[in-house]
Amino acid sequence: MALQPPAPMPRKSQVTKSKPKRVKALYNCVADNPDELTFSEGDVIIVDGEEDQEWWIGHIDGDPSRKGAFPVSFVHFIAD
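Residue numbers (UniProt numbering): 1 to 80.
Think of the hints as simulated: they come from the structure by calculation, not from any bench. The beta-carbon is built from N, C-alpha and C at its ideal position, and this holds for glycine as well. Mixed in with the good hints, there may be bad ones.
Stated by the list, open to error - Derived DEER-like restraints, expressed as beta-carbon distance ranges: (1) LYS24 with GLY49: 15 to 21 Å; (2) GLN4 with LEU26: 53 to 59 Å; (3) SER65 with ASN28: 54 to 60 Å; (4) ASP52 with ARG22: 17 to 23 Å; (5) GLU41 with LYS19: 19 to 25 Å; (6) PHE77 with SER40: 15 to 21 Å; (7) GLU54 with ALA79: 21 to 27 Å; (8) ASP48 with TYR27: 19 to 25 Å; (9) ASP32 with HIS76: 20 to 26 Å; (10) ASP35 with ALA79: 26 to 32 Å; (11) GLU50 with ASN28: 18 to 24 Å; (12) ILE78 with GLN4: 18 to 24 Å.
Stated by the list, open to error - Below, a list of computed lysine to aspartate or glutamate pairs in the DMTMM-like style, where the Cα atoms sit at most 25 Å apart: (13) LYS67 with ASP35; (14) LYS19 with GLU41; (15) LYS67 with ASP43; (16) LYS24 with GLU50; (17) LYS19 with GLU36.
Please build the complete structure, drawing on both the sequences and the hints.
As structure tokens, this is what we get:
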């Protein structure tokens, strides 16, 4: 008699898109390179990814065409 694999556990919930991380600019930032994001104090940035601990990738909330890398030290998390 062959052993049967165990039945997969039921999924607890449907796949849900996690809420994107949002940060707010503490300072004005002017890009030094074409792949960096220029923003102004108070701008809300949607975090799309992380390059490393110092630089993240994101875009301006409401304007996805304004995207690029930005220094983490220039922003703070917005509590939802």
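task = Give me the numbers of the hints this structure contradicts, sorted from smallest to largest.
result = Going through the list in order, the structure violates hints 3 and 12 and respects the others.
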